[in-house]
Amino acid sequence: MELPRRKFLHLATGTAALPAWLDAALALDYPTRPVHLIVGFPAGFTPDIIARLTAQALSERLGKQIIVDNRAGAASNIGTELVVRAPPDGYTLLGATGANAINATLYENLTFNFISDIAPVASIVRAALVMTVNLSVPAETVPQFIAYAKQDQYGFGRDRQYASRCRRAVQRDRRRRFGSRPLSRQSRPDLLAGQVQLVFAPIPTVIGYIKAGKLRALAVTSTTRVPALPDTPIMTEYVPGYEASTWFGIGAPKGVPAEIVVKLNKEANAGLADPKMIEHLTDLGSDPMPMTPDEFGKFIADETAKWAKVIRTSNIKPE
4 MELPRRKFLH
14 LATGTAALPA
24 WLDAALALDY
34 PTRPVHLIVG
44 FPAGFTPDII
54 ARLTAQALSE
64 RLGKQIIVDN
74 RAGAASNIGT
84 ELVVRAPPDG
94 YTLLGATGAN
104 AINATLYENL
114 TFNFISDIAP
124 VASIVRAALV
134 MTVNLSVPAE
144 TVPQFIAYAK
154 QDQYGFGRDR
164 QYASRCRRAV
174 QRDRRRRFGS
184 RPLSRQSRPD
194 LLAGQVQLVF
204 APIPTVIGYI
214 KAGKLRALAV
224 TSTTRVPALP
234 DTPIMTEYVP
244 GYEASTWFGI
254 GAPKGVPAEI
264 VVKLNKEANA
274 GLADPKMIEH
284 LTDLGSDPMP
294 MTPDEFGKFI
304 ADETAKWAKV
314 IRTSNIKPE
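In terms of our numbering, the sequence shown is residues 4 to 322.
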């Protein structure tokens, strides 16, 4: 028997609306089980430090555990690809960082597109870098270090690709290149041991060593002084117009229900407004940076375009 046309259209309309209704219903209950936050760096790196603070805050607000899952390798590309391939159900999230924006241009054979394959969920923090030296270096300021470097060879360390820009900025003020040698990606132990004399590192990674007097900070790469290192000058005092920083946020696989994105964004921003969270992040030398998902998406696109220009202009290649 044929259905009357009006009844058929009513059923068809209801069926078409069903997926959206189910997404909304699922978001009301989300999460019903632990959520994995994938971090593409080892424990102790800045993304891991920020991820664990964020996970704790979200766990308390959502009522389910947010598990930080370190999947280090290939400059965070391994962890990012894992999230790209995960079901878009909100139970696998990405600790997105400035490295993702850089990798989009630096690595030519990626099997994913960071901007189109990862949905922006929540921006968490921005953190400047700090020019840090071993205590054996006889320099208290950037000019003194440059003078020292002109006379002696030293080891130069890099915490990820962010240091490339820092290195070139300082090189413009020297008569010859630094004598450097190959280093492991985690240069902090070499710096502490005196095998490397200089590292440009995200502040959260080394601030504990600086405050403990085990390392010396010469300059920060933000445009203003960092409250956690109030006596450390800014690099623009020596290299006008200079600024570099890294950032951390949350992403999800493309196709995650919008309602889940909205819920995560709301709770993440609420966590960033908590005075205790603000204090923790400030003490680490980072600035809370709450945004809407759309604002975070634009920020990621702008950061990717900015670093693409730097990489192409300087012909930077993966090491």
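Any given hint could turn out to be false.
As a list, the in silico EDC-like pairs of lysine to aspartate or glutamate whose alpha-carbon atoms are at most 20 angstroms apart [as the list claims (entries may be wrong)]:
{"#": "1", "residue 1": "Lys266", "residue 2": "Glu111"}
{"#": "2", "residue 1": "Lys309", "residue 2": "Glu298"}
{"#": "3", "residue 1": "Lys257", "residue 2": "Glu246"}
{"#": "4", "residue 1": "Lys214", "residue 2": "Asp120"}
{"#": "5", "residue 1": "Lys266", "residue 2": "Asp234"}
{"#": "6", "residue 1": "Lys217", "residue 2": "Asp234"}
{"#": "7", "residue 1": "Lys312", "residue 2": "Asp32"}
{"#": "8", "residue 1": "Lys301", "residue 2": "Asp32"}
{"#": "9", "residue 1": "Lys266", "residue 2": "Asp32"}
{"#": "10", "residue 1": "Lys269", "residue 2": "Glu246"}
{"#": "11", "residue 1": "Lys269", "residue 2": "Asp297"}
{"#": "12", "residue 1": "Lys309", "residue 2": "Glu111"}
{"#": "13", "residue 1": "Lys67", "residue 2": "Glu111"}
{"#": "14", "residue 1": "Lys266", "residue 2": "Glu246"}
{"#": "15", "residue 1": "Lys279", "residue 2": "Asp51"}
{"#": "16", "residue 1": "Lys269", "residue 2": "Glu143"}
{"#": "17", "residue 1": "Lys312", "residue 2": "Asp277"}
{"#": "18", "residue 1": "Lys301", "residue 2": "Asp290"}
{"#": "19", "residue 1": "Lys257", "residue 2": "Glu298"}
{"#": "20", "residue 1": "Lys266", "residue 2": "Glu143"}
{"#": "21", "residue 1": "Lys214", "residue 2": "Asp193"}
{"#": "22", "residue 1": "Lys67", "residue 2": "Asp297"}
{"#": "23", "residue 1": "Lys279", "residue 2": "Glu63"}
{"#": "24", "residue 1": "Lys67", "residue 2": "Glu262"}
{"#": "25", "residue 1": "Lys312", "residue 2": "Glu262"}
Source of the hints: derived by calculation from the structure; they are not laboratory data.
Going down the list of hints, with the structure as the test:
About 34 angstroms separates the Cα atoms of lysine 266 and glutamate 111, which puts this hinted pair outside 20 angstroms; it is violated. Note on lysine 309 and glutamate 298: the hinted pairing holds, with a Cα-Cα distance of about 16 angstroms set against a maximum of 20 angstroms. Restraint check for lysine 257 and glutamate 246: the C-alpha separation of about 32 angstroms exceeds 20 angstroms, so the hint is violated. Between lysine 214 and aspartate 120 the alpha-carbon distance is near 40 angstroms, which puts this suggested pair outside the 20 angstroms criterion.
Only pairs whose Cα atoms come within 20 angstroms are accepted, and lysine 266 paired with aspartate 234 is rejected, the gap being roughly 40 angstroms. In summary, the hint linking lysine 217 to aspartate 234 is supported, as the alpha carbons are separated by about 16 angstroms, within the 20 angstroms threshold. For the hint pairing lysine 312 with aspartate 32, the CA-to-CA distance comes to about 43 angstroms; that exceeds 20 angstroms, so the pair is violated. Restraint check for lysine 301 and aspartate 32: not satisfied, since their Cα atoms lie roughly 29 angstroms apart, outside the 20 angstroms limit.
With a CA separation close to 11 angstroms, the supplied pair lysine 266 and aspartate 32 stays within the 20 angstroms bound. Taking the CA atoms of lysine 269 and glutamate 246, the gap is near 30 angstroms; set against the 20 angstroms cutoff, the hint is violated. At most 20 angstroms may separate the alpha-carbon atoms for a hinted pair to count; lysine 269 and aspartate 297 meet this at roughly 13 angstroms. Restraint check for lysine 309 and glutamate 111: the C-alpha separation of about 17 angstroms stays at or below 20 angstroms, so the hint holds.
Taking the CA atoms of lysine 67 and glutamate 111, the gap is about 38 angstroms. The hint is violated against a cut of 20 angstroms. Proximity of lysine 266 to glutamate 246 is assessed by CA-CA distance (about 33 angstroms); at most 20 angstroms being required, the pair is judged violated. Between the alpha carbons of lysine 279 and aspartate 51 the distance comes to roughly 19 angstroms, so the proposed pair stays at or under 20 angstroms and holds. With a C-alpha separation of about 44 angstroms, the suggested pairing of lysine 269 with glutamate 143 is violated against the 20 angstroms cut-off.
Straight-line distance between C-alpha atoms of lysine 312 and aspartate 277 comes to about 37 angstroms, which puts the hinted pair past the 20 angstroms bound. In summary, the hint linking lysine 301 to aspartate 290 is supported, as the alpha carbons are separated by about 19 angstroms, within the 20 angstroms threshold. With a C-alpha separation of about 17 angstroms, the suggested pair lysine 257 and glutamate 298 falls inside the 20 angstroms cut-off, and the hint holds. A threshold of 20 angstroms between alpha carbons decides the hint, and for lysine 266 with glutamate 143 the separation of about 48 angstroms lies outside it, so the pair is violated.
A hinted pair counts as satisfied when its Cα atoms are at most 20 angstroms apart, and lysine 214 with aspartate 193 qualifies at roughly 18 angstroms. Using a Cα cut-off of 20 angstroms, the hinted pair lysine 67 and aspartate 297 is violated, with the two alpha carbons roughly 26 angstroms apart. Between lysine 279 and glutamate 63 the CA atoms are separated by roughly 13 angstroms; this keeps the pair inside 20 angstroms, and the hint holds. A C-alpha spacing of about 17 angstroms is found between lysine 67 and glutamate 262, which places the hinted pair at or below 20 angstroms, so the restraint holds.
A C-alpha spacing of about 35 angstroms is found between lysine 312 and glutamate 262, which places the hinted pair above 20 angstroms, so the restraint is violated.
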